[in-house]
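Enquirer: Protein chains in written order, with this note's numbering: chain A, 1 to 141; chain B, 1 to 131.
Misleading hints may appear alongside valid ones.
[Claimed, not checked] For the chain A half of the interface with chain B, some residues (derived, Cβ under 7 Å), not all of them:
(1) 93
(2) 122
(3) 129
[What the hints assert, rightly or not] Simulated restraints on C-beta separations:
(4) B:63 <-> A:81: 41 to 49 Å
(5) B:29 <-> A:105: 21 to 29 Å
(6) A:114 <-> B:29: 15 to 23 Å
(7) A:77 <-> B:32: 26 to 34 Å
(8) B:51 <-> A:107: 36 to 44 Å
(9) A:77 <-> B:107: 29 to 37 Å
(10) A:135 <-> B:117: 35 to 43 Å
(11) B:65 <-> A:68: 23 to 31 Å
(12) B:25 <-> A:81: 24 to 32 Å
(13) A:27 <-> B:51: 40 to 48 Å
(14) A:131 <-> B:122: 33 to 41 Å
(15) A:45 <-> B:40: 15 to 23 Å
The hints are simulated quantities; they were obtained by calculation from the structure and are not laboratory data.
Every residue, glycine too, gets a C-beta built ideally from N, C-alpha and C.
Here is how the chains run, residue by residue.
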Amino acid sequence: MTQLNTAENRSRAMQPARQRTSSNTELYSWIFMRVSGILLVLLLFGHLWIMHLIEGGVSRVNFAFVAGRLASPFWQTYDWALLFLATIHGMNGMRIIISDYVRTPQKRFWAKMALYATAGFMLLLGTLVIVTFDPALPLEG
Amino acid sequence: MATSTAHAPARKSFYRGGEGMFTWVLHRVTGVLIFVFLFAHIVDTSLIVVSPQLYDGVIEVYHHPLIKLMEIGLVVAVLYHACNGIRVTLVDFWSKGAQRNRGMMRVQRVVFVALSAGAAIPMTLQLINDL
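Just chain A, same shape as in the assembly (with noise of 0.2 Å):
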């Protein structure tokens, strides 16, 4: 493949795309991309400034702290959004620099269905840790 990276190469070689699909799903991957960031800035600074910088920070994050927190329906709820949005948006982000980086078609797909995979358990096992916690579960020994 040596074509000479001519701006009417180029075009030729944009244009098929654009043609291609019918379509939106980058438009709104972008903007996607766009308001969960805006969302997980405020999102995330909470759960910084928390588990982070206040009092004592991640030295004080044992199973009792955590069991408090997650009692509460109020974090229940900023937890599962945050496991979501970052998720997903780490995922999409993801998927650009595959896209970016991996050229061939065949590994293109299965490094995205890995990467599907892979965030799809990660968005499951969150949502099943939410749901199913019991803060009253015994401390043995």
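Start from chain A and add chain B according to the hints.
Expert: Coordinates of chain B only, in the frame set by chain A:
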């Protein structure tokens, strides 16, 4: 621009090393780092439904001074990604965003350094205090 590339071999690299290139690279690098941590963080938090002992045992790792240094790095990475992301969003959505980009880059630098110091200094003091 044309004179510097006229004699160069064709298509060696797109990159020209401007300021915008570094913010773009750093945005990607911090983004990947945060995503990798997010995966580990969801898995470690999930242990809370298994047993309090197991959760506390694993969370102890985060209380190690060396890991706390990495924690500071993580917070700084999040702050960089956030500051840069806000600028990119303003360039895209604010009608004057593109023409004010240079100025916003300067503001971004100041805000990022101020927030990083505001987070890293108390976290370092806490780290020393916990030793």
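Enquirer: What are the numbers of the hints the structure violates, in ascending order?
Expert: Violated: hint 4 alone.
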